[in-house]
Amino acid sequence: MRLEALAVELSALRHWDFPLAALTAYGALRILEEEQGKEATLCFVEKPWGPVPVLCGLDRDSLLEALADHLSSLDRQGLKIHPDASRIKDLGGEYFRFLGEAVSQGDRHRAAFLQAYLAPNRRDMNRPIPTPFDTTKGRQAFFKTLDEAHQLAGQLGFPAGLRRVLFEEGVLIYPGEVIPSAPQLGWHGSQYREWADRARNPSEEKECQRVRVHPVAVLLAWEALPLYPMALGAGLEPRPIGFLAPQERGASPSLVLPLPRRPVGAGGLRALIAAGPVAIAAGRGWPRDVELWVSPMRGSKGAKGAYPTFMGAKPWDARTVSGA
Amino acid sequence: MEDLGIHFIGRVRVSSEVWHRGATPVPLTETVVRLFAMTEPSPGPAPAPEPYLHGMRPVLPTVNLVWRADLPADEEDLRRMERTGVLSELLALAPPRPHELLELPLYAARDWLSGKVTDSSDLEGVEEPGRQRTLERGWVAIRWDGETAEVIGAFKIRPGDTLFLPAAYGGLDEFAWDPDSEVPVEDVAELGPDPWFLRLHPGSPLWAELPAKGKYPEEAEAGELSGPKETAESLIQRLLPLEGITQAEREEKISLNRRMIKDFLVKIGTSLKEDEIDDRWVKAFLRDLAAFLPEEHRWRRALEVFARHPRSLYWYVPQGYPGLILRRRGELLSIGGEEPVSLEEHSIKVEEKAKDFAARLGLDRRLTRALSSAARRHDLGKLDERFQVWLVLSAPPEGISEPPLAKSGTRLTGQALGQARERAGYPKGLRHEHQGAAALLEAGAAALEAYLVGTHHGYGRPLPQPSPDLSGYQVEEELPWLGPGRWRIAGDHGLDRLESGWLGLTTHLHREYGYWGLAFLEALLRLADQAAS
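Going down the list, the protein sequences come from chains A and B.
The opening residue of the first sequence carries number 852 in this note's numbering; numbering runs sequentially from there.
The opening residue of the second sequence carries number 9 in this note's numbering; numbering runs sequentially from there.
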């Protein structure tokens, strides 16, 4: 049977929730193909309200079961690389030892996540450069957020959480929903915390009065991180793959999201992610059956100002697409 | 004598620090190999290979410098050559050779060109120093990207640039980088292994080997020759044959020939057209000159290689260039080659080479079959009639092989080739190998065969550029030696689109054969094609 014969529309992952919703779909694909060994593919079909992800290769029940199995047995220590790490920078001093160990032990999973989290810094070997996906600062801690998300998703129930995120409410928890403290990551525009934009000081708001990201969406999106590894570019500058370099010095990179109109596996998606920024920055020809969406980042990791957050994504101007 | 070879090093257990000077080794992981396997387009950002070769250590952004004696030191002259396209043509004909590149920190090149003389080192990994002196100058360099030459000021230099410099700038002493040196740098392009171009121009050390004006009594006779064409004819008569004469006569003749050749070469730069040059006198001249040079002379080898070349030499006289550029092969191997060759002859030759490689390497029957089939059909896309017209239009006048052609044996340069392509109606940027791969996929060929055909020029891993041809052009051909059935060659190959299955096919083959395994098979086809071209 062709993979496309079994197609599950992830109807709750809507484009106005990009980038988190797209990352959630990417993460689901990567889990199915690379962690669970399923033959799965992903595409985005056009609906009247915009693109919607479709996972092909298994039915809805099998999909939920495979993802729930994975999330419930998630090797959090493996994702964190080291049990004592609560922030990415905690891995810095021993990056090369961890990577060497992962390679020598044939632990592809650990090596892939380590390279997604950070890249060595040629100027200071003990201060590697973290991925732009690390939007935490202050008292927040990247791996602590992962632990909290996993714990909360377990309490809510993985199958129920997956159903809600993929098919019902989507990636957010809305004001008024009584749910214990939800993880805070800037992977959705709603998380942009800037006092001037809000009626009250966010730190004084009650948890249930805020829009929060669902812990299952956080976990699935987390699984997409190896698709966006950090690389050492020209001059050994650490740069994230799949991001548009900022135009101005000190500005933040923008996240590029390819939306294939035909099913691709994780390998194909990786290639599209890596090639997308080149198409945009260099005006290179681009396949007409793959849309590129771009999510800018606001805020910064600096001590002052708003928390870094990926804002809503917009399609890259199709008029520049060769052959379109 | 003490053995200091690799066995000695193994025995004495030299500290690993000796090899990487304290650099931290960086493992080459699957994540990185996967990025390196993407060559078109390169990932954004493209990973740097240095840490996987040398370990992690401070590395300054660098540029590569090449000094050439046939580049004028005057900025206006260089800009004029740039405007007229001569600069690009010249560097396309005589591109940088690996042995003449000097890698230097970007800051050092910038500072030197702009007149700030900085004490720096051309050793890898040496940190940026602080001491500077300032001179009054603002030199330009020529950035070469493999296709186009651009005259740029120091502030426009980017990391990784290859920069040509007039030899008259200086900057090198006998051994290494010396920003204080004002002695013209020796142009060594022709002195490396396997020289395949040879420039004869007044800045060349060879020029100095020719006698100074007025040294020979025959000068008047040479000077009386009216035009370059007549001079060439006279030269041919005088230079050939050199055999069957006494030693004294021979020496006398050689000295006369040298005088006339020098006159002639001067005239080439002003009025001679390429089709007025004769291979015989060029080779005779080179043979003479080589014989005249001392045994240990650095240029002797290059001259002999060209003089003894069994096939016709390619010669070029870029407009305004004060000399002649000889090449042992055409500019573009994919369409040029040494001489016009039919598609059938070339394809069979490549298949034989590929089969030979496969047999020597012990490849199994399945791989051998895929490789051989890919080799036979690798230029299938050249059946595009417009490509065939391009080949015919660019072929030398002495005649062409039985069509369809694989190679034209063209002696045209980049610009003229582009004009021939335009006249033929073959769209710029269209890749014949992608047209061929698309035809194979449509005909139901094996994935590996189609992939090898589509990537045999290094493009399309994993996303070929969209075809620039949206005219709907297509042609069907039936050729028994390509196998049964008709082949449909379309202008819009469509391999860039997901619907073609190319991206999925590439990732599938990476899984099946591994990144190294697939690259190995690609290399076999590319080498077979090169060996047969």
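Fair warning: there could be bad hints in the mix.
Under the rule of at most 20 Å between Cα atoms (straight-line distance), these lysine to aspartate or glutamate pairs were calculated in the DMTMM-like manner [what the hints assert, rightly or not]:
hint, chain 1, residue 1, chain 2, residue 2
1, B, K164, A, D958
2, A, K889, B, E520
3, A, K940, A, E1088
No wet-lab data here; the hints were simulated from the structure.
Which numbered hints are broken by the structure, listed smallest first?
Number 1 - this is the single hint that the structure violates.
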